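Note that the protein sequences, when read in sequence, are chains A and B.
Residues 1 to 309 in the UniProt record's numbering are what the first sequence spells out, letter by letter.
Residues 1 to 309 in the UniProt record's numbering are what the second sequence spells out, letter by letter.
For each label pair, taking beta carbons as the anchor points, the in silico distance ranges come out as:
(1) B:H32 <-> A:I2: 35 to 45 Å
(2) A:G51 <-> B:E89: 16 to 26 Å
(3) B:G239 <-> A:M1: 45 to 55 Å
(4) B:E89 <-> A:A37: 33 to 43 Å
(5) A:G51 <-> B:A280: 49 to 59 Å
(6) B:Q181 <-> A:G24: 52 to 62 Å
(7) B:A63 <-> A:G24: 57 to 67 Å
(8) B:K193 <-> A:G51: 50 to 60 Å
Note that these hints are calculated values from the structure, not bench results.
Everything numeric in this text was worked out from a predicted model, so none of it was measured.
We put the CB at the ideal spot given by N, CA and C, even for glycine.
If you want the building blocks of each chain, they are given just below.
There are 2 protein chains.
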Amino acid sequence: MIVWITGANGFIGRHLVHQLAGAGHAVHGVGHGALDATEARRLGLQSWINGEIDAANLNALAAAHGLPTHVYHLAGGSSVGISIERPFEDFSRTVASTARLLEWLRGSARDCAVIAASSAAVYGADHVGPIAESAIATPMSPYGQHKFMMEQLCRSYAQSFGLRCTIVRLFSVYGPNLRKQLLWDICSRLQAKEQVLTLGGVGSEIRDWTDVRDVARLLASVVEPASQGNCRVINGGSGRGTSVADVATALVRRWGSSTVVRHSGVSRPGDPISLLADDAMLRQIGFDWRISLDQGLADYVAWFKGRHS
Amino acid sequence: MIVWITGANGFIGRHLVHQLAGAGHAVHGVGHGALDATEARRLGLQSWINGEIDAANLNALAAAHGLPTHVYHLAGGSSVGISIERPFEDFSRTVASTARLLEWLRGSARDCAVIAASSAAVYGADHVGPIAESAIATPMSPYGQHKFMMEQLCRSYAQSFGLRCTIVRLFSVYGPNLRKQLLWDICSRLQAKEQVLTLGGVGSEIRDWTDVRDVARLLASVVEPASQGNCRVINGGSGRGTSVADVATALVRRWGSSTVVRHSGVSRPGDPISLLADDAMLRQIGFDWRISLDQGLADYVAWFKGRHS
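Pulled out of the complex, with its shape left as it was, chain A reads as follows:
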């Protein structure tokens, strides 16, 4: 396989590069981030273009290394909060970049399989219990809306131009190198020896927690492209729900702290009460999650402490 990864320098991107390069594939990347050639090679990238997902950069990649057999499209906005602060930035990063990528593939590499990382945020707030891929999407933040628009572009290019797309809706991905969100926030405050941790939200929010190393393995395993003109959607979640409060408590315990965790009781804008995957389709594919939440939290704490030691 000749694999291109957009957003290869992001949290999930770096793990996916590691996974695919480790399996012997030629991996090239485009997206934002000042990686020099040594650093790019250390990550597993044969080449790296620091810039927009646009025709000029995609042409340059193709000219230097040939056409891709698979494109992983991971570039895009990555924060509900930032999408509310700066919605146009999120639109540009998520939707406009996808339009440019698909248009380039239509013209230059129509047989290339596309695997796009979407988000459970497309489902929105109206769900209780496991959510199937066929559920109605009612996103409640610009982030979720834009991810859903990205999916529609994939559907449109599959339907009208025969592109083959696989959309993986990722749930709550955490793991080594994640430098934002709940786990990062808690560890940073434990490190600073805060005595009482007051977190946003109500604490009972249910999330489907998945370790990024499992997620990278999942993404690497869906390379078998959908058939011509098809756009399949797969939940990238485990089907196991754990509340934010339980994850916070378990993490504090793993840290070895007796700090008390409290919740503000005020839901954050754009934050659904439950996002849990119906994993029937993943089980059909035969994918198995290997890293338990306990193990994942232990590894996260070890990584966090390691980088500060």
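Please arrange chain B on chain A, whose structure you already have, making use of the hints.
Just chain B now, kept in the frame of chain A:
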């Protein structure tokens, strides 16, 4: 009212300018088209900017004429066929322009009411009989997909930032000055004295035909903005369906020709078999369609012959 119209130089835009200026409103336009000041005034525009819907042009309009109370967003792709030939162009004209407009309004004129022209094409192929606004949208062309994405942006900015949007899904709009599509095509070929008219499609396609002068009156009548943060969707169709074959035959008769109309029997890509509005919501608003299909076709023929005489 201080009204801005994007795409004011388009087919529907020009009729809407005429309607609103005739009612005494200050109307300004932005979009593509080389109109000099005299021509712009003749159309009813107090000012015109020939260019993209972007922050620079919107800032310039605001600096010269103050903030708008109402923005009609008519700019966008206008052809299913072209959207299949050049999907990125259609995306840019329909989706990216909307993202820039809404972002500008979020920053500069959040109280302004937005009225956006969408299309029955968002409904797609899976419908028989009258289609309600709540029907599932399964667009079957990039044109329909992009119109639906435009709607989602409106929903997103209403939901997250309190903008007030009214989306009017227009059906088969025809009338004086329309220089493309079925009626234009037939008249042009009758003018050229073709003896047998073979049209694309199967002929039994049902469409909801509306005269552009009625449509302009409809758009002008929905100025009462949705409440803060609300995004209402209204079918801009009459609820009366007529087949393409019947319209073609009636038009030929109106022309005074005995030319035979045939249909290729091959459906065009992106062309649903039936697009008919459920007009319950329009009737609730109290809007009445005034121009019958017979009258509209007669007026179209008169306009067509007039411009060639």
